[in-house]
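Asker: Sequence:
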Amino acid sequence: MRVTVGAFALVTGMIAVAGCSTGSAEAPAPRTPADLLLPASDLPPGFTAETLSIDDLVAGNRAGIDAARTTRVAPEYCAPTADADLNGELTADNSAVLAARGGSGVLVELVTKARRDIDADRLATTGRCARTTTEITTGNLAGSRVVTEYSEIPPPEVDGGPGAGEQMLLTRSEVTTTLPDGGVRRQIGFAGYAALDRPSSGPVTVQLTVSGAATPAADPPPEPTEPVDSAAFAELFDAAVGRVTAP
Numbered sequence: 003m004r005v006t007v008g009a010f011a012l013v014t015g016m017i018a019v020a021g022c023s024t025g026s027a028e029a030p031a032p033r034t035p036a037d038l039l040l041p042a043s044d045l046p047p048g049f050t051a052e053t054l055s056i057d058d059l060v061a062g063n064r065a066g067i068d069a070a071r072t073t074r075v076a077p078e079y080c081a082p083t084a085d086a087d088l089n090g091e092l093t094a095d096n097s098a099v100l101a102a103r104g105g106s107g108v109l110v111e112l113v114t115k116a117r118r119d120i121d122a123d124r125l126a127t128t129g130r131c132a133r134t135t136t137e138i139t140t141g142n143l144a145g146s147r148v149v150t151e152y153s154e155i156p157p158p159e160v161d162g163g164p165g166a167g168e169q170m171l172l173t174r175s176e177v178t179t180t181l182p183d184g185g186v187r188r189q190i191g192f193a194g195y196a197a198l199d200r201p202s203s204g205p206v207t208v209q210l211t212v213s214g215a216a217t218p219a220a221d222p223p224p225e226p227t228e229p230v231d232s233a234a235f236a237e238l239f240d241a242a243v244g245r246v247t248a249p
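All residue numbers for the sequence shown refer to the numbering used here, where the first residue is 3 and numbers rise by one.
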């Protein structure tokens with residue numbers, strides 16, 4: 003690389019001024035979403051990291067969101083909205099993703115500067131929406147009936163307690179799908195969401211899902227396998243949140 007005399011003098015002068023400065027050191031820049039992801043060493047036993055880009059995640063989410071627009075959810079006010087609202091805000095500049103697969107399921111962690119509406123998640127999965135029924139009206143699964151039962155998992159303690167505007171929600175879901183031919187599939191999954199705002203990170207959303215494999219269609223269906231248990235999921239989510247709250 004060729005450096006002109008003028009440029010060299012300018013750089014030398016800047017170094018000299020910096021060396022004479024008595025001001026306080028600048029605060030470190032906030033960590034990026036990629037810095038805040040779980041390390042692969044924290045994955046549950048049997049899970050191995052896989053490549054997944056934000057663009058691929060958004061495209062996959064969009065397909066599911068578009069398909070959900072033609073379903074009928076009961077109670078009607080329990081129809082989920084947070085995924086659709088967040089998906090359009092995700093970019094490679096404001097988000098990072100970790101994906102992993104194990105013999106018992108798939109794990110996806112998302113850390114993003116975009117804000118997720120966790121209040122909407124709470125509305126759609128707790129209280130009167132802790133049990134919902136979804137009718138699929140189009141596509142290969144038209145005529146299928148999906149019953150989802152949610153149970154809330156106590157969130158982990160946060161260092162220093164939750165700050166203003168910070169919140170978390172963890173749920174376990176049991177999904178039973180009855181196909182038009184009478185076959186039944188069952189599946190267990192976990193989801194955790196946290197809206198955090200710390201000096202080292204700025205406002206971020208941490209989202210962690212672990213989805214178990216669906217059972218083969220049968221009547222009666224076999225018992226589904228949990229990808230992890232509730233305690234292990236809560237511990238993993240605690241580690242994910244700790245990546246943000248650590249000083």
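The set of hints was computed from the structure by calculation and includes no laboratory data.
The model shown is predicted, which means the values in this text are computed figures rather than measured ones.
Positions of the beta carbon are idealized from the N, C-alpha and C atoms, including for glycine.
A couple of the hints might just be wrong.
Stated by the list, open to error - If you anchor each label on the Cβ, the simulated ranges turn out as follows:
{"id": "1", "residue 1": "Ala76", "residue 2": "Asp37", "range": "29 to 37 Å"}
{"id": "2", "residue 1": "Thr72", "residue 2": "Asp37", "range": "34 to 42 Å"}
{"id": "3", "residue 1": "Ala219", "residue 2": "Gly162", "range": "42 to 50 Å"}
{"id": "4", "residue 1": "Ala76", "residue 2": "Gly184", "range": "16 to 24 Å"}
{"id": "5", "residue 1": "Gly167", "residue 2": "Thr139", "range": "37 to 45 Å"}
{"id": "6", "residue 1": "Arg74", "residue 2": "Asp221", "range": "36 to 44 Å"}
{"id": "7", "residue 1": "Arg133", "residue 2": "Thr93", "range": "20 to 28 Å"}
Asker: Next step is simple, just say for each hint if it's right about the structure.
Answerer: Against the structure, the hints come out as follows:
{"no.": "1", "hint": "Ala76 with Asp37: 29 to 37 Å", "result": "42 Å, violated"}
{"no.": "2", "hint": "Thr72 with Asp37: 34 to 42 Å", "result": "39 Å, holds"}
{"no.": "3", "hint": "Ala219 with Gly162: 42 to 50 Å", "result": "48 Å, holds"}
{"no.": "4", "hint": "Ala76 with Gly184: 16 to 24 Å", "result": "21 Å, holds"}
{"no.": "5", "hint": "Gly167 with Thr139: 37 to 45 Å", "result": "38 Å, holds"}
{"no.": "6", "hint": "Arg74 with Asp221: 36 to 44 Å", "result": "23 Å, violated"}
{"no.": "7", "hint": "Arg133 with Thr93: 20 to 28 Å", "result": "35 Å, violated"}
When each numbered hint is compared with the structure, violations occur for hints 1, 6, 7.
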